[in-house]
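> Those sequence lines, one after another, are chains U and R. If you want our numbering, it's the position in the first sequence, counting the first as 1, plus 189. If you want our numbering, it's the position in the second sequence, counting the first as 1, plus 189.
If you're looking for bench data, these hints aren't it; they were derived computationally from the structure. Please read these numbers as outputs of a predicted model, since none were measured by experiment. Check before you lean on any hint, since a few could be wrong.
A pair holds if it fits inside one copy or across any two, identical chains being indistinguishable in the list.
Listed below are the simulated BS3-like cross-link pairs for lysine-lysine, each with C-alpha atoms no more than 27 Å apart in a straight line [as the list claims (entries may be wrong)]:
1) 455 to 317
2) 317 to 225
3) 476 to 317
4) 215 to 317
Number of protein chains: 2
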Amino acid sequence: MPIRSIAILGTGLIGGSVGMALRAQKFPGPILGWDKDQEQLHIALQRGALTEIVDDPISAASAADLILLAGPVFTILDWMEQLAPILLPHQLITDVGSVKNPMLQRAQMLYAGAGRADFLGGHPMSGKEVFGVSYAEANLFHGSVWLFTPDKQAPQHPLAAEWRSWVERFGSRTLDLDAERHDELCAWVSHMPQMLATALSALYQDHFGEAEDMRAIGGRALREMTRLGASPYSMWRDIAHTNADAIGSAIAALEQRLAHLREHLKTPDLRDEFNRANAFRNSPPFK
Amino acid sequence: MPIRSIAILGTGLIGGSVGMALRAQKFPGPILGWDKDQEQLHIALQRGALTEIVDDPISAASAADLILLAGPVFTILDWMEQLAPILLPHQLITDVGSVKNPMLQRAQMLYAGAGRADFLGGHPMSGKEVFGVSYAEANLFHGSVWLFTPDKQAPQHPLAAEWRSWVERFGSRTLDLDAERHDELCAWVSHMPQMLATALSALYQDHFGEAEDMRAIGGRALREMTRLGASPYSMWRDIAHTNADAIGSAIAALEQRLAHLREHLKTPDLRDEFNRANAFRNSPPFK
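Here chain U stands alone, though its shape is the one from the complex (with noise of 0.2 Å):
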């Protein structure tokens, strides 16, 4: 039984990005489209993310055989909650969001079982510091990897491989991985370093303010180091809330290897530091 059709849960970068995607690659159904702002759900619709509006999430969720969520955590946390009830077993849910244990343990409770649908967690490494359907793009995904936390206990939903196959045409690697390892994983590749680049850009500007010879003479390091500082609070506040224990052990240790360098400027072990950077850097994909 193929995918007949899709219904998109929040069209905004992501959302929007998906449903430009599956055009792009001629997904022959239609792709319903709600979001709670309708002024992007509008932009979304004239940028071809979509082939119909609908008025409120449950219709949308119900008219479609893949739904798919994409929104802040605890918004898709609200979704899956408000539609265990009203979905049947050949719907397939999944998502786009930044943490995924949260997801399988609510799915876990809500889908699980006979008579219901079925909710596969994913995730395209795929942000920006920016939001907004405005930005979207049908090749956001390309040359990235979308990661699925699927439930190991249960069997795989008929769907599911098809809608694997979808975001493989979207030009994006597909890695299955544990629910919790993902969030472990995620927090030190992408939410402490965004943390990072927000505490960074704060300072900076707690420091500096306008001063113009620091803006004059800040390079290419700077711009790179702190463009994550451009992202909005809105973004994040759920990913900190949810993931908060291994964020704060991510940047902990950051902390530490920060003092133990400071108190090492001088001595051979800046040399050790240097060399260790070296060689991950030196090994795929980075170099």
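Fit chain R to the known structure of chain U by using the hints.
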């Protein structure tokens, strides 16, 4: 009296790029080169960064109107020491070192006064995480800023204005700074970000090693934030040593900022921190 000839001591990434930029801008006179590494020197000649190779730094400097010192900080200080007794008042020495106060101190001892050559501290903000003349390019300085730290107490040397105009022809904006302010600013916007990228990369190396899942999901954020982790110790040892106090203060400030953010991952203080970071990125030149 125009600059008829230029000597470049240290023909690596920066020295080589200066030679290539001079020739691209049709500098009409000889460009003499010396480097302790014969291979770098011959590649520099092959790539058109020099018009001739000279056997030792003293002969190269003696034969030129303008002498560019392009090496690590302690090497520059050492060259300043060696050249002081033999250079003449019509000659101007300048450099491209990443700290400036140690050079100014040395210059005030060695170069100020009647019968002596003059010294003008310079610093192009155009580094890379790689080194060597193979990476040199004529347009390396295009669009970036080239800082000068003249001794405000001394009159400007007759060749200084012409050298500044060559730098502007390379496509750089020039900016004069007090040498101490230079070192303080660079500690914050260049040296601390380098140490941060090194600490972060080294931390990843220790925490994950060659773990395949981490390397598979590392995206743009990770790549950007660790790019400078590839920088070699040899380029940074002298900077860390000579600017340790200012770099240490900036790192300590970042540690505190990270600790504060870590303690507030679930509180409204996180929003305030994102807002401050957004403000930093919403002003030029970052916006």
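> So, for every hint listed, does it hold in this structure?
Here is what the structure says about each hint:
1. 455 to 317: between (38 Å within a copy, 23 Å between copies)
2. 317 to 225: within (21 Å within a copy, 45 Å between copies)
3. 476 to 317: For residue 476 and residue 317, both the intra-copy (23 Å) and inter-copy (15 Å) Cα distances are at most 27 Å.
4. 215 to 317: within (25 Å within a copy, 43 Å between copies)
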